[in-house]
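1 is the number of the first residue of the sequence shown in the numbering used here; add one for each residue after it.
In short, the hints are calculated from the structure, not lab data. All values reported here derive from a predicted model rather than from experimental measurement. Certain hints may be false.
Straight-line C-alpha distance at most 25 Å; calculated DSS-like pairs for lysine-lysine [what the hints assert, rightly or not]: (1) Lys50 <-> Lys67; (2) Lys80 <-> Lys33; (3) Lys50 <-> Lys79; (4) Lys33 <-> Lys67; (5) Lys33 <-> Lys50; (6) Lys67 <-> Lys79; (7) Lys50 <-> Lys80; (8) Lys80 <-> Lys67; (9) Lys33 <-> Lys79.
Have a look at the derived ranges for each label pair, beta carbon to beta carbon [to be verified]: (10) Asn2 <-> Leu24: 35 to 43 Å; (11) Ala120 <-> Met69: 20 to 28 Å; (12) Tyr28 <-> Thr75: 16 to 24 Å; (13) Ala127 <-> Ser59: 33 to 41 Å; (14) Met68 <-> Asn2: 34 to 42 Å; (15) Asn124 <-> Glu72: 40 to 48 Å; (16) Arg76 <-> Ala120: 40 to 48 Å; (17) Ala138 <-> Asn118: 34 to 42 Å; (18) Asn124 <-> His65: 43 to 51 Å; (19) Asn118 <-> Lys79: 13 to 21 Å; (20) Asn62 <-> Glu3: 37 to 45 Å; (21) Asn36 <-> Asp64: 25 to 33 Å.
Heads up, the beta-carbon is just placed ideally off N, CA and C, and yes, glycines get one too.
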Amino acid sequence: MNEPIYVAFSTQKGGAGKTTLTVLAASYLHYVKGYNVAVVDCDFPQYSIKDMRERDLASVTNDDHYKMMAYEQFTRLQKKAYIVVESRPEDAADTAIRLINSGQPLDFIFFDLPGTINNASVVNTIATMDYIFCPIIADRVVI
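Model the full structure from these sequences, guided by the hints.
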């Protein structure tokens, strides 16, 4: 079995869309292209992706309309929702290894990183990535 590809959207600029791009890329590859995907949410303390997944799960659990929509989607795709796990930035690489060792086949693991590299743990996590995309806003102040 091939090792999954580690991908992160990383920049020190807050509000640049790192979390949004992570969810869009993971969702596209998982639901549209059929790849097996996991997301390690290590954007401490927000954990936006994990919180969003928990809200979605609560909606599906508590609302029959959303429950039916989810059932129809997962039946049509013959695929469950992709894995989302929470991790501290310093533990992200170990969290990914645990996912790989769990036996779940994974093609991509996305990492939602905090908007800072002011600590060694974030730098160490970034160093494990196969691909790093750096979203920027093209304005005179940023560039």
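Hint check results:
{"no.": "1", "hint": "Lys50 <-> Lys67", "result": "holds (19 Å)"}
{"no.": "2", "hint": "Lys80 <-> Lys33", "result": "holds (14 Å)"}
{"no.": "3", "hint": "Lys50 <-> Lys79", "result": "holds (19 Å)"}
{"no.": "4", "hint": "Lys33 <-> Lys67", "result": "holds (24 Å)"}
{"no.": "5", "hint": "Lys33 <-> Lys50", "result": "holds (22 Å)"}
{"no.": "6", "hint": "Lys67 <-> Lys79", "result": "holds (15 Å)"}
{"no.": "7", "hint": "Lys50 <-> Lys80", "result": "holds (16 Å)"}
{"no.": "8", "hint": "Lys80 <-> Lys67", "result": "holds (13 Å)"}
{"no.": "9", "hint": "Lys33 <-> Lys79", "result": "holds (11 Å)"}
{"no.": "10", "hint": "Asn2 <-> Leu24: 35 to 43 Å", "result": "violated (24 Å)"}
{"no.": "11", "hint": "Ala120 <-> Met69: 20 to 28 Å", "result": "violated (44 Å)"}
{"no.": "12", "hint": "Tyr28 <-> Thr75: 16 to 24 Å", "result": "holds (20 Å)"}
{"no.": "13", "hint": "Ala127 <-> Ser59: 33 to 41 Å", "result": "holds (37 Å)"}
{"no.": "14", "hint": "Met68 <-> Asn2: 34 to 42 Å", "result": "holds (36 Å)"}
{"no.": "15", "hint": "Asn124 <-> Glu72: 40 to 48 Å", "result": "holds (42 Å)"}
{"no.": "16", "hint": "Arg76 <-> Ala120: 40 to 48 Å", "result": "holds (45 Å)"}
{"no.": "17", "hint": "Ala138 <-> Asn118: 34 to 42 Å", "result": "violated (25 Å)"}
{"no.": "18", "hint": "Asn124 <-> His65: 43 to 51 Å", "result": "holds (44 Å)"}
{"no.": "19", "hint": "Asn118 <-> Lys79: 13 to 21 Å", "result": "violated (38 Å)"}
{"no.": "20", "hint": "Asn62 <-> Glu3: 37 to 45 Å", "result": "holds (38 Å)"}
{"no.": "21", "hint": "Asn36 <-> Asp64: 25 to 33 Å", "result": "holds (29 Å)"}
Figure legend: structure checked against the earlier numbered hints; hints not met, in rising order: 10, 11, 17 and 19.
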